[in-house]
Amino acid sequence: MGTAAGLSVVAAGVVGAVAAAGHAVHRDPGRPWTDRAKRAGRADRAAEGRSGGSSRDVAPGRTPDPDAASKPEGPEDLHKRTWLYTLKKTAKEFGSDQCTDLAAALVYYSVLALGPATIAIISILGLLSPSAIQGVLKALEPIRASSPGAFNIVTELIKNVTTTPGVSIGLIVGILGALWSASGYVGAFGRAMNRIYSIPEGRPVWKLRPTQLLVTVIVVVLVVIGALLLVSTGSVVNRIASVIGVGDAAVLVFQIAKWPVLAVIAIAAIAILYYFSPNVRQPKFKWISTGSLLALVVWALATVALGIYLSVSGGGSYAKTYGPVAGVIVFLLWLWITNLVLLFGAEFDAELERGRELQAGIAAEEQIQLPMRDTRQSDKKAKKHEQDVEQARELRESRGRQD
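Everything in the sequence shown is counted per the UniProt record's numbering, starting at 1 for the first residue and increasing by one.
Be aware that one or more of the hints could be misleading.
[What the hints assert, rightly or not] Below, a list of computed lysine-lysine pairs in the DSSO-like style, where the Cα atoms sit at most 27 Å apart:
1) Lys-80 to Lys-258
2) Lys-286 to Lys-258
3) Lys-88 to Lys-284
4) Lys-286 to Lys-89
5) Lys-258 to Lys-89
6) Lys-380 to Lys-207
7) Lys-88 to Lys-286
[Said to hold, decoys possible] What follows is a list of derived Cβ distance ranges for each label pair:
8) Val-297 to Ala-392: 41 to 51 Å
9) Ile-256 to Gly-361: 47 to 57 Å
10) Lys-284 to Ala-257: 27 to 37 Å
11) Ala-69 to Ile-225: 37 to 47 Å
12) Val-325 to Ala-263: 49 to 59 Å
13) Ser-70 to Arg-396: 45 to 55 Å
Because the hints were derived from the structure by calculation, they are not lab data.
Note that the structure is predicted; figures quoted are calculated from it, not measured.
Even glycine gets a Cβ: it sits at the ideal position worked out from N, Cα and C.
Just need the whole structure built from these sequences, with the hints factored in.
Here it is in structure tokens:
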């Protein structure tokens, strides 16, 4: 019961945080929400951008070049003092940016995209090999005992998709639904990244939405490929191998090679989210950043640790407590940990950039000196906010007098 109580507290925290984070993530991005953002917000609203302070590479009133030559080229060029400051600052800002709440909001958007994505994956498997569906159902058998409710929900969904006339229709509907739902996740992730960098969202809708949809398409394709690799059991691989005419040696190579391929897919998805979702011009694009690599390693360790914890504590106790939704609770907890790790990696990348700037003599004590991609939308919101303040001031000074 101790284990069950612990999971109950964690699950309640996740669910409660979703409600709080719904407001946090959707809060007006043009308005400051922390002391750090308040200091940066006054300068961010200026059309000419933030000041570069005392940097020797920056003219007064201008933002430094993200790839300024004076910055350390890579992590190996950072001094020990810079590393210590970066680690300390990352832990501090991770808490002050309320990343635990933001991760809970991202769990909500992840769940929204889960149903359509599952339909798309099952439809693709059905088109490739009808026998692959039976392989998937067989692979799900281990969760029947610990979480019969979750098992029944998933298997019923799979059967409904596969028995619907025209699997291609389910594929189209699933892909469109997954893209639309996943775009909400990308948008929420971008708002979380903006909070990490303490900048408002300045891109107009006609510029922001196409970017989000493009990122969504790329990430969803990568996730679907990764999921297909994960569910590619021996029967599925053998069926495909017989169709294309390859031997057992090729099948063995595939079974071994799919794990490093999955790692590459995960790194690519994280890099794309980190670089393109926020309204900040970062240094040149890198497929593997220090933060993304850290996130991937920590995620793998956290996943293994969670699995060991559940195995050692025994699945029966929490299954009795939560009943048919025990597997769902554990899955939500795992999603929350996953998004926590992603945000921690992003926070680490941001503070690593701050450390690079400080070591180069750029004034980044209060604000990371990176230019925004666009300021038009945030400028409009700032102007509207000033008008609202002026109207409120006039109302206060009139003391209720009618005009």
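Results for each hint:
no., hint, result
1, Lys-80 to Lys-258, "violated (37 Å)"
2, Lys-286 to Lys-258, "holds (23 Å)"
3, Lys-88 to Lys-284, "holds (25 Å)"
4, Lys-286 to Lys-89, "holds (23 Å)"
5, Lys-258 to Lys-89, "violated (37 Å)"
6, Lys-380 to Lys-207, "holds (15 Å)"
7, Lys-88 to Lys-286, "holds (24 Å)"
8, Val-297 to Ala-392: 41 to 51 Å, "holds (50 Å)"
9, Ile-256 to Gly-361: 47 to 57 Å, "holds (49 Å)"
10, Lys-284 to Ala-257: 27 to 37 Å, "holds (29 Å)"
11, Ala-69 to Ile-225: 37 to 47 Å, "holds (38 Å)"
12, Val-325 to Ala-263: 49 to 59 Å, "violated (31 Å)"
13, Ser-70 to Arg-396: 45 to 55 Å, "holds (49 Å)"
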